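Trainee: Single-letter residue listing:
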Amino acid sequence: MIWTGLLARAIQMSTPLMIGSLAEVYAERTGMMIIAIEGIFLLGAWGGFVGAYLSGSMFLGLLLAMAVGVMAGSVYGFFTIKLKQHQIVTGTAINIFAAGLALYLYRVFFGVPLLPLTVEPLAPLSIPVLCDIPLIGQALFNQNILTYIAFLIMPAGYWVLFKTPLGLTLRSTGENPEAVDSAGINVEKVRFLTVLFASAMDGLAGAFYSIGFLGLYTNDIIGGRGWIAFAICFLGNWNPMGALLGALVFGLADAASIVIQTSGFRLIPNEFLIAIPYILTIVATIARKQFNVPAVLGVPYVKERK
Amino acid sequence: MAQKDKQTPVDSYLGEKIKSREGSFYMFLWPVFSVLLGLAASGMMMLLLGHNPFLVFLKLFSFAFRDMYNVADIFAKAAPLILTGLAFGFAFRATLFNIGGQGQFYMGCVAAVFCALKLYFLPSFFLLLVCLSASMLAGGAWGAFVGYTKARFNASEFLISMMSTYVALAIMNYMLRGPLKEIKGEYPQTDVIAQNAWIPTLVPHTRLHWGFVLALGIALVAYFVLWKTSLGFKIRAVGMNRNAARYAGIDEKRVFIVVFLISGAFAGLAGFMEVNGIQHMLVQGFNPMIGAEGIGIAILGNAHPLGIVLSAILFGALKVGGNLVVQTSTIPSSIIGIMEGFVMLFVILSYFLQDKITTRRSKKELRSKEKGGVSR
Chain A
1 MIWTGLLARA IQMSTPLMIG SLAEVYAERT GMMIIAIEGI FLLGAWGGFV
51 GAYLSGSMFL GLLLAMAVGV MAGSVYGFFT IKLKQHQIVT GTAINIFAAG
101 LALYLYRVFF GVPLLPLTVE PLAPLSIPVL CDIPLIGQAL FNQNILTYIA
151 FLIMPAGYWV LFKTPLGLTL RSTGENPEAV DSAGINVEKV RFLTVLFASA
201 MDGLAGAFYS IGFLGLYTND IIGGRGWIAF AICFLGNWNP MGALLGALVF
251 GLADAASIVI QTSGFRLIPN EFLIAIPYIL TIVATIARKQ FNVPAVLGVP
301 YVKERK
Chain B
1 MAQKDKQTPV DSYLGEKIKS REGSFYMFLW PVFSVLLGLA ASGMMMLLLG
51 HNPFLVFLKL FSFAFRDMYN VADIFAKAAP LILTGLAFGF AFRATLFNIG
101 GQGQFYMGCV AAVFCALKLY FLPSFFLLLV CLSASMLAGG AWGAFVGYTK
151 ARFNASEFLI SMMSTYVALA IMNYMLRGPL KEIKGEYPQT DVIAQNAWIP
201 TLVPHTRLHW GFVLALGIAL VAYFVLWKTS LGFKIRAVGM NRNAARYAGI
251 DEKRVFIVVF LISGAFAGLA GFMEVNGIQH MLVQGFNPMI GAEGIGIAIL
301 GNAHPLGIVL SAILFGALKV GGNLVVQTST IPSSIIGIME GFVMLFVILS
351 YFLQDKITTR RSKKELRSKE KGGVSR
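So the protein lines, in turn, are chains A and B.
Throughout the first sequence, residue numbering follows the numbering used here, covering 1 to 306 in sequence.
Throughout the second sequence, residue numbering follows the numbering used here, covering 1 to 376 in sequence.
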């Protein structure tokens, strides 16, 4: 019984990590690290909650989350692509800004409520027949819509990236932008559109925490999980299928820490259970030997640099 | 190890940029403009809550400079910020990204409060010395681990330092709930440390303590190390161009570890200042933004120790005035984060403009040389 619960929770917790790490894989394949990922997750969580709370519609909540993500992504893209500023510096600035902004705008919209405001989280959709499979049925086929979407976009993302001309363009932009440029494709445009797509996905991933899972918004709701999605992109070797595997492992770690905490099992202090995903990231980063880093990751494209 | 530890092109690109911004006459003007624009933009945000930004800023600065106590508080707040600013800025000079200053700060806090609580019987001077060294050692070790994984496994220091912050947070929270919890056992916090572990005050009847002077000294040391020693030369060489540094025979791996050791020690020392200088105890959820603010300060100060000191004092003033404005009006404290974020974004914008002006000027020089027939 506890295993079914654990498995279901693991699949659930890996959902935003899948969406976020796929977004990161796409962006990094074109040479853009989305360092602002943590901030965009947070803004997405905020946007999802505000949209769902004010309109009463989950769909509008998710839409607002993606819109907010795109807005943050366009600021990030403007600074890093158009102005060619450093990605880590800009991303860090946006993360600090987002933390202040989300809290501030929450106050603007809702004042200081006596009780935390809540919405009913996205309801699970059980798939008939399949959800009755013992052990894995409930875990795989009784989740909310975002989880199904996540499981669909990972293989689709792999297919687009490696089997289509679009994917070839994206990958070439991160490996040899000069060649892409001389083929008559606008490098900056490819990067900018990819960043906007990725930030919309990041916003969606963030919204999972607020309206897909908890049904409320707090300012520490993301608590570093954006960074974990960022790390999964590295660990998955910039491949959507690797990212899928990574997201599942980290989802399991996240779920284990939640399940053990609530089960009253007191061998390891709580604090260290919460730290499991972060420790795992460090260990996995160290253990990973061969990296397939996109050649110009983090480098702005400058035509005819002298 | 047969790994390829190639330098990504971005590293040398960044090194060139930091260098080109230095030594110009307008070096100080740019940050001032950025700060003003950042404050103006956050003023627009205040309109959303129906506040007049001019009145708010008037209030903020009149609060910050109202009396001796508040002015002294600006410098008391600036002391740890100088150190977390240096923690990022020092590593940035080697084009290394130490974004784990927060975690190193927490480790420093835990070490300082641990020594202060357990060795309370020591004479004041020795106790302070022990706390100081322990905090630097703890922060330094936490940082050096990041440098070690970079040197040994070619791991991304950005990622590892970020993640290690969350582990440090877990350790601190565990200590506060377990071994170091107050005797009353009510809240996750320590008891107040003995008076002989308090850093003596610099100006009587204020919170300004000798730690500020120490922070200034550390900034001077950082300057001296970076520009007057062979270690500093190596650090800057690695920062400017990692390949060239390697061909020149510099052991970049040792530089990674040493830089992170020093950076971490700076952030750890900030923990000592907050615990022994201001709070005199350790509380859960304590100063959660000091690492991020250090990054902002280092960026605003172009990773130069003098720039960092000035920026830290500015941030200190914003904090003191901002906190009082928040307490006496309905403006939420998150406005301080928004101000810092806007200031950072405008600083980055100013980087763009500066680089553009530099490029245009050098192009012009090139063209006039060609016209004069000096060119080959």
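Quick caveat, the hints were computed from the structure, so don't treat them as lab data.
These figures come from a predicted structure and were not determined experimentally.
We put the beta carbon where it would ideally sit given N, CA and C, even for glycine.
Heads up, some of the hints might be wrong.
Examples of chain B residues toward chain A, derived with CB under 8 Å [as the list claims (entries may be wrong)]: (1) Ser164; (2) Pro179; (3) Leu180; (4) Val192; (5) Ala194; (6) Trp198; (7) Gly232; (8) Tyr351; (9) Phe352.
Trainee: Against each hint, give a clear statement of whether it holds in the structure.
Mentor: Comparing the hints with the structure gives:
1. At about 7 Å, the closest approach between the beta carbon of Ser164 (chain B) and any beta carbon in chain A falls short of 8 Å, and the interface hint on this residue holds.
2. The beta carbon of Pro179 (chain B) is not positioned within 8 Å of any beta carbon in chain A (closest approach about 11 Å), and the interface hint is therefore violated.
3. With a least beta-carbon distance of about 13 Å to chain A, the hint placing Leu180 (chain B) at the interface is violated under the 8 Å criterion.
4. Given hint, Val192 (chain B) at the interface with chain A, is violated; its Cβ is 23 Å from that chain's nearest Cβ, farther than 8 Å.
5. Restraint check, Ala194 (chain B) versus chain A: the minimum CB separation of about 27 Å is more than 8 Å; hint violated.
6. At its closest, the beta carbon of Trp198 (chain B) sits 28 Å from a beta carbon of chain A; the interface hint therefore is violated under the 8 Å criterion.
7. Taking 8 Å as the C-beta contact cut-off toward chain A, the hint placing Gly232 (chain B) at the interface is violated, the least distance being around 22 Å.
8. Against a cut-off of 8 Å between C-beta atoms, the interface hint on Tyr351 (chain B) holds, since the closest Cβ of chain A lies about 6 Å away.
9. With 8 Å as the threshold, the beta carbon of Phe352 (chain B) comes within range of chain A, its nearest partner Cβ sitting at about 4 Å, so the hint holds.
Against the hints set out earlier in the document, violations occur for numbers 2, 3, 4, 5, 6, 7.
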